[in-house]
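All chains, full assembly: derive it from the sequences and hints.
If you read the sequences in order, they're chains A and B. All residue numbers for the first sequence refer to our numbering, where the first residue is 83 and numbers rise by one. All residue numbers for the second sequence refer to our numbering, where the first residue is 6 and numbers rise by one.
Fair warning: there could be bad hints in the mix.
Unchecked claim - Derived DSS-like pairs: lysine-lysine, alpha-carbon spacing no greater than 30 Å straight-line:
no.: 1; chain 1: B; residue 1: K275; chain 2: A; residue 2: K122
no.: 2; chain 1: B; residue 1: K275; chain 2: A; residue 2: K186
no.: 3; chain 1: A; residue 1: K186; chain 2: A; residue 2: K150
no.: 4; chain 1: B; residue 1: K386; chain 2: A; residue 2: K87
no.: 5; chain 1: B; residue 1: K275; chain 2: A; residue 2: K164
no.: 6; chain 1: B; residue 1: K389; chain 2: A; residue 2: K164
no.: 7; chain 1: B; residue 1: K378; chain 2: A; residue 2: K133
no.: 8; chain 1: B; residue 1: K386; chain 2: A; residue 2: K93
Since the hints were made in silico from the structure, they are not lab data.
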Amino acid sequence: MNDKKISFETKTAKIEINLDKCAAARENSPNPSCGFMCVKACRLYGRNVLKIENNRPVLTVSDPEEIKRLDNECLACEFNCKMYGSDCINIEIPLEGIEEYRKKVLSR
Amino acid sequence: MARIHEYQGKEVLKNCGIPVPRGMVAQDAEEAKRYMEELGKPAALKAQVLTTGRYKAGGIKFASDPEEAANRARELFDTRVRGLQVDQLLVEEKLDIKSEYYLGIIINNSHKVKSPTLILSSRGGVDVEEIASSTPEKIAYLNVDYLQGVGEDEAEKILGMVSFDEELSGEAKEEMKKIISSFYQSYMESDARIAEINPLVLTQDGRLLAGDCRFTIDDNSDFRQTRFGIRLPRDMDRSPTELEYIAWTIEEGDFRGTGYFTQMVPEIDKEGYIGFHGIGGGGAMLAASALVNRNFKIANYTDTSGDPPASKVYRVVKCIFSQPIEGYALMGACLANQEQWHHAHALVKILREEAENRPGFPVVLLLAGNREKETHDIIEKGLKDANLRWELYGRQYIYNTDYIAERIQKLVEDYREEQRR
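Put into structure tokens, the structure is as follows:
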């Protein structure tokens, strides 16, 4: 993790917040244009993994294992950032073997 | 529950002292030829695929010499049996059959019984249900006392309850009693829920052997039944498909709600298949019937109930879209135990991704239940600019499954038309 990026792993997914793209981080305002929708979504749909600190979203816990235990993989931060913010959150949900399978079956 | 192969079942029987025909498992035609040479007599070559009716489906062939065995084996390895790839053959001595019997054990779930029930019939080689309806005197049932098990007394009792066309010799009767008792032992040792020897063969030279067998293992026991190598503990009448194995990794070890996925056919080679996704049982079943009534075929059955996380729903829907389908129908009706908005977030993510590769693809969503309004708001906003033919319905349509099927039909027709242009 660095000051340009927040990335963390949940039980089965990987979440990345690009702070270079993040409206709140760029505007550095207590009332950014996105309304901190990722943090609000995390409160409503998730388990408060995100909080606001220094006018930007940050993790509420630092222990990677505790994040994995806590996070419910609701995908709401990504959706809300895309819809109301700057589309700076990306959630990768891997499924082993699926891309190779699709190449084989869907290209027939 | 999970089925094991015939050769594995025969190993279980053999270990419990039940005679089985001499046989070996061949991985290719050369091996089949070599085993036939070792047998030194006519053989049956039996495709080891998890499906019923193998003989009628061309999955069992006979050979009288090693060269013929190699040729028949090649044919079996080159064809599919009920759509399933043949990877292994059981090369087994051909039996000179005099009579065929049936021996089985099932779990009887009736509240009056709740125990294993032993079944013996003097007619083997056919469905036990058929025997029960056409010749009930040829079949007998005996509920087993768990604490006592099945010994010689129980074996003798059930033998006396069945009428045989030709009376068994004293020797055959004694052998049969031993087999019945050992069969119960094999059922217990393998943690089976269903075990069958069908046919139990009496040969012309007076031997009793298990001609074919079926074991369905309780999936709660696969941690200790590692010898069977069960990768997907689920009751199926065929081997799992590659996609089902991939989908199983979603559920395996992740107990946060259900992410069930199974394919209705191992391979989709025609048009008219719909990717089907249910939440809960009843409404989903009605919708599946409504789609079938409109000449669609159901590619898969999927269930995401029990409040799974959005990530799990996303993966399962990705599996549905990994099939060559012509439309996607979600029937998620009135679940009291889950907030539907997690489905909404998952659906928006996966459908937006799929729209990139399948512009104009038909999608009909019925999503009703807890947080329905918020759920619909998420979907409407999330899919507003997605290049899909999508429609969304709520609680007022949960009994109108035919209407949902009609809408799918309309969208699929439009999509086909567009594809043709």
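Evaluation of the provided hints:
In summary, the hint linking B:K275 to A:K122 is not supported, as the alpha carbons are separated by about 47 Å, beyond the 30 Å threshold. The straight-line distance between the Cα atoms of B:K275 and A:K186 is roughly 17 Å, inside the 30 Å bound, and the hint therefore holds. Between A:K186 and A:K150, the direct Cα distance comes to roughly 33 Å. Violation of the 30 Å bound is thereby established for this hinted pair. The straight-line distance between the Cα atoms of B:K386 and A:K87 is roughly 27 Å, inside the 30 Å bound, and the hint therefore holds.
This hinted pair does not check out: B:K275 and A:K164 have alpha carbons roughly 38 Å apart, beyond 30 Å. In summary, the hint linking B:K389 to A:K164 is supported, as the alpha carbons are separated by about 13 Å, within the 30 Å threshold. With a CA separation close to 27 Å, the supplied pair B:K378 and A:K133 stays within the 30 Å bound. With a C-alpha separation of about 28 Å, the suggested pairing of B:K386 with A:K93 holds against the 30 Å cut-off.
In this structure, the hints that do not hold are numbers 1, 3 and 5, in rising order.
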